[in-house]
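Number of protein chains: 2
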Amino acid sequence: MGKIPEDHPRYQSLVAREKLIAAGELVAGAGLIAHGRGEAFDYLLGEKTTGPAYSAINVAAELLCNARQPVISANGNSIALAGPAIAELAIAIPARVEVNLFHRSSARVSGLAALLREAGIEPLGERPDFHIPGLASERAKCSRAGIGDADVVLVPLEDGDRCQALVDLGKKVIAIDLNPLSRTARTAHVTIVDELTRCLPLLITAVNRKKPAGADFDNEKNLGKVMEQMRIVLKNMQTRTGEG
Amino acid sequence: MGKIPEDHPRYQSLVAREKLIAAGELVAGAGLIAHGRGEAFDYLLGEKTTGPAYSAINVAAELLCNARQPVISANGNSIALAGPAIAELAIAIPARVEVNLFHRSSARVSGLAALLREAGIEPLGERPDFHIPGLASERAKCSRAGIGDADVVLVPLEDGDRCQALVDLGKKVIAIDLNPLSRTARTAHVTIVDELTRCLPLLITAVNRKKPAGADFDNEKNLGKVMEQMRIVLKNMQTRTGEG
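Which chain is which? The protein sequence lines are A and B, in order. Note that this note's numbering has the first sequence beginning at 1, numbered continuously upward. Note that this note's numbering has the second sequence beginning at 1, numbered continuously upward.
Hints are computed from structural coordinates only; laboratory data are not their basis.
Heads up, the list lumps identical chains together, so a pair's fine if it works in one copy or across two of them.
List time: in silico SDA-like cross-link candidates among lysine to any residue, alpha-carbon distance up to 20 Å:
#1 Lys221 x Met237
#2 Lys235 x Arg186
#3 Lys48 x Met237
#4 Lys235 x Asn219
#5 Lys221 x Thr239
#6 Lys235 x Glu220
#7 Lys172 x His189
#8 Lys172 x Arg186
#9 Lys210 x Ala85
#10 Lys235 x Arg183
#11 Lys211 x Cys65
#12 Lys221 x Asn236
#13 Lys235 x Gly46
#14 Lys172 x Ile204
#15 Lys19 x His103
#16 Lys225 x Lys235
Looking at chain A on its own, in the form it has when it is part of the complex (with noise of 0.2 Å):
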């Protein structure tokens, strides 16, 4: 990662891809598929936090903060990309953090585990005692005390399915996803259409501050603001490429 110049005009984005390289095994390939694909996502939004995520990181930090029981799930890439940031998170709310894999095996979810000791937190997921109905066996394995009980669970770069049967459980569900046309930013309650590295900390400023965030958030117009950045950028990389 030292090989990085701090004053690339891209840093961040290529010092989180190496951070999920070097993780190695911890991240699935398919997770930096899915990296990949945020990316491009990003990049349409000019690499930048927009004014419908500063709306939803706020809606998401009151939910967090009113819930009896609020869970951060947590996955390969959320911990290998902000590990730190999720714990801190965890203590500010406070919630409990579950470690929950798409591509599940105990030595991914023990290594990852691992990472958030170090982070300063004791994570749930190593002894899966709950499955969530109407998903395939591995992805399904969660833990009562954290999943199987919780009524608002936060999900950073959550899969579509899962976050449907979250939701199908009575779940409230907050998703930090790239993809505003994804289908977990479709079937989310608050969907943070943000960068997880860029937003995180502003999840947590937004957890200390507990200002009241307003009743009126409407996931689905927000989304559509989403894409309505996004057409304008394009636009202007179209202009500024001689097409107009």
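Got chain A; can you put chain B on it based on the hints?
Using the frame of chain A, we list chain B on its own:
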């Protein structure tokens, strides 16, 4: 790969993803991330070959057929996704294929060359004897009998630096890249913005047909048309999700 149902609406995309992951060490981690970026842009193309892509394919076919020494530069992603189609294209033109990698190692070059041999051609690239000026050592290595002496180079899924270096060397460069905003897309003389496995059969057909494509092709204008298509797709998706 047997697990993906053929009637899945995104079957081709899922098969491509599985092929890359199955290639293991032959595809670099960064290659998986790059594939993900391509998936996102392809989504914005509606996952189909657009009019501007057909125009670029016809111009590319003419350039390749009229070249003194056309060379196809193949990397891990392109061989894992489309080794047999690359071989078929090389035979149709005819052109040499050179294995040329960003993350070069002897083992990866040999493994990828073996896949091309299985597909029926004898590739270059295992014994580099030429350096592309202006690139760091490993990325610069190539064969004099291939890229070194080529007048026209087809670079599917290339990196921006090398595309620029090939243009600086005086080569005519044809790129296949799903991101119309990338440096590769904007630096190449002819950019086919299309998914590799979808456009190679079309390129082979165009090569076999040998129909003149017309001399009025403007790559920058063609990229502008692609971006316009993406904006329309985004607009349609936005409307469908409820925000007009």
